[in-house]
Every structure is written in structure tokens, then in C-alpha cells.
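Construct all of the structure, not just a fragment, from the sequences and the given hints.
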Amino acid sequence: MSLLQTIFEETFKISYEEANQDLAMQDVANWDSLTHMDLISAIEDKLAIRLSSDEIADMTSFDAIKRIVNEHQ
Amino acid sequence: MNIEQKVAIVTGAASGFGKALAIALSQRGATVAALDIDPHALANLTATNQNIVAFPCDVTNHEQVDQVIAHIDDELGDISILINNAGLMRNTPLLNLLDRNERKHSISSWREVMAVNQDGVFFMARSAAEKMLDKRVKGVIINISSIAAKGNIGQTAYSASKAAVEAMSNVWAKELGRFGIRSMCIAPGFIDTSGTHDALEDKMLARWVEQTSLRRTGKINEVVAAVICAVENDFMTGTTIAVDGGLSI
Ligand SMILES: NC(=O)c1ccc[n+]([C@@H]2O[C@H](COP(=O)([O-])OP(=O)(O)OC[C@H]3O[C@@H](n4cnc5c(N)ncnc54)[C@H](O)[C@@H]3O)[C@@H](O)[C@H]2O)c1
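Residue numbers (our numbering), protein chains in the order written: chain X, 363 to 435; chain D, 30 to 278.
Because the hints were derived from the structure by calculation, they are not lab data.
The hints are all genuine.
Only part of the chain X face toward chain D is listed, based on derived beta-carbon distances under 8 Å:
| no. | residue |
| --- | --- |
| 1 | Asn-392 |
| 2 | Asp-394 |
| 3 | Ser-395 |
| 4 | Leu-396 |
| 5 | Ile-402 |
Note that the Cβ used here is the ideal one computed from N, Cα and C, for glycine as well.
Dropping the structure here:
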């Protein structure tokens with residue numbers, strides 16, 4: 363899952379330690395509807411997966427993202 | 030233009046820039062017609078300022094606008110200054126992937142913003158300019174735009190409405206200049222008003238401030254100073270003054 367952590371770090375400009383915790387949208391200063399688009403495009407590009415619109419809307423915490431990405435692998 | 034003894038109209042005068050502009054113009058000796066949809070806030074403003082007269086008005090209603098302009102002309106005299114300030118800011122991306130119920134930019138929010146920011150400016154200008162022209166008053170129309178006119182991320186409707194305001198303003202400068210009537214815009218960046226805080230999440234505002242050369246939000250009096258300068262300088266027309274701390278460079 364280190365690739366996902368790197369994506370969290372780069373997208374939300376947070377530290378490695380923060381990217382390693384289970385943070386939710388409201389805990390991350392930079393996470394809003396616009397950076398969510400950056401997040402989704404980074405995950406799809408770097409992990410070569412295609413997310414459904416329901417999955418995208420469910421991805422509101424790091425744990426939820428990890429769970430959904432896991433289901434694709 | 031010397032502001033003293035002129036009749037000035039300010040729309041959206043009940044709060045933020047509009048209120049500060051109404052007070053600043055009245056302090057310089059103008060009689061100010063303060064227009065807003067909020068009659069209570071207007072009453073508070075006029076209670077403490079002798080030279081400000083309240084005219085409750087919804088700028089999106091062109092019949093009401095025509096009536097109010099006629100009243101102002103009857104009651105206060107020739108209109109020399111129109112400040113089109115009333116406006117709404119909404120922060121809505123074209124697609125919100127997090128919103129299951131409404132992923133696409135809502136049509137109602139688009140219409141709401143365009144009605145006030147674009148139609149309201151058009152309705153006010155056509156009515157006030159007619160009076161200026163009929164009375165051969167060398168008046169000035171100042172439209173409050175925004176740096177969003179260049180296209181702010183997350184602000185489709187707001188950006189479109191302010192781009193429309195700048196385009197209309199240039200057209201009026203060309204059309205009315207031959208009669209000595211001027212038209213121009215002031216384009217603020219992010220200014221510390223309740224409107225800004227209502228429309229923008231704190232984290233989004235912090236990101237905008239980070240991109241501003243001066244690394245702060247602007248102050249209302251900095252916008253007021255630019256408007257006063259635009260009113261007073263008779264050789265400025267068909268242009269837009271940015272008051273944005275360097276955000277647009
Ligand atoms: N605050 C900023 O940082 C900022 C930046 C750039 C541009 N602007 C522009 O400056 C103007 C004023 O902004 P503000 O922050 O002072 O806003 P504000 O929300 O404090 O005040 C706007 C006023 O307009 C009035 N209004 C709204 N709809 C109306 C209608 N249909 N008819 C009549 N009045 C109506 C409201 O009642 C309110 O009193 C707006 O045009 C806004 O787009 C503001």
C-alpha cells in the first residue's frame with residue numbers, strides 16, 4: 363500500500379506519517395471536491411484501475427480507499 | 030468627477046463592500062441611494078447615516094429596477110454614479126464526484142448566480158444609463174467584477190457571470206463614451222468579507238491566500254479606495270482595476 367501513501371502525501375501535501383494514519387476527509391486540510399478529482403485520477407493512473415462512480419463517492423477516508431483499491435487487485 | 034453633491038446608487042448596499050461604499054460616498058458628500066433585497070439591514074444602515082436613503086430592490090427583477098430608478102430620479106435628483114455591487118458567490122465544481130445525488134453542477138445554482146451577477150448588472154445599467162443620457166449627465170457606471178472573470182477553479186457560474194460583467198462594461202464604455210458616460214470594473218481578489226467566508230471553506234480560502242503574492246486577504250477599505258479612484262478619475266473608462274494582492278499575475 364505504499365504507493366497509495368505516496369499518492370495521499372502528494373495529493374494532499376501531507377507528511378508520510380499523516381498518510382500512514384486512517385484520516386478521513388474532514389481531517390485533511392486540502393481534501394475537498396477539487397482535490398478529490400486529483401486523488402481519483404492519480405489512483406487510476408498509478409494503479410491502472412478504473413473506479414465506479416459509487417466507489418469514487420465512497421472514498422472519503424484513507425481506510426475506505428485502501429479497502430476499495432484492494433477489491434480491484 | 031467630484032463626488033460632492035452627486036447622487037450615487039449602490040446595489041447590495043446592506044453588507045460587505047456595498048455598505049462600506051455607501052458610507053464612503055456619503056462621507057464625501059454624495060446622496061446615496063442604497064439598494065438591497067434585505068430591507069432590515071438597509072434600515073440599520075440608513076438609521077446611522079443621514080445622506081443614505083434606502084430603496085429595497087431585487088436587482089434580478091427588471092420591472093422593480095425600472096421603478097426604483099424612476100423613484101431615485103424623482104426623489105433625489107439626477108443620477109451621476111451607479112455602483113453595481115450586488116452579487117453572489119457560489120463555489121461549485123462542474124462535476125462533484127463526492128456528491129451522489131447531484132454530481133453535475135446544479136442548474137438552479139447556475140441560474141441564481143447569473144440572475145444576480147449578470148442580469149442584475151444589465152438591468153441596473155440600462156435603466157440608470159437611460160436617465161444619465163436623457164439628463165445629459167456625464168455619469169459613471171462602476172461594476173464590481175472579480176479576478177474570477179479569468180476563470181477560477183470550482184466557480185463555473187461565478188466566473189462566467191463576472192466575465193459577462195467585464196464584457197458588458199467594455200461595451201458600455203464604447204457606446205456611452207461619446208456622451209461622457211464612463212463604465213469600468215473593479216476586480217477584487219479574495220477580500221475579508223462575510224460573503225467570502227460564507228462561500229468558501231476555510232481550507233479553500235487558505236489555498237487562495239497561499240497563491241496571493243501579498244499572502245493575505247484584502248481589506249474592504251482597499252476595494253473602496255479603488256472604487257473612489259475610478260469614480261473621481263474622468264479619463265478612466267473601459268478598463269478593469271485588479272485589487273487582488275497580486276493573485277492574478
Ligand atoms: N468578498 C470578496 O472577496 C469579493 C471578491 C471579488 C468580488 N466580490 C464581489 O463584490 C461584490 C460584493 O461582495 P461582498 O463580499 O461584499 O458580498 P456580501 O454578500 O457581503 O453582500 C452582497 C449584498 O448583495 C445583496 N444582494 C444579493 N442579491 C441581491 C439582489 N437580488 N438584489 C439586491 N441585492 C442583493 C445581499 O443582500 C448583500 O447585502 C459582489 O459582486 C462580489 O461578487 C467580492
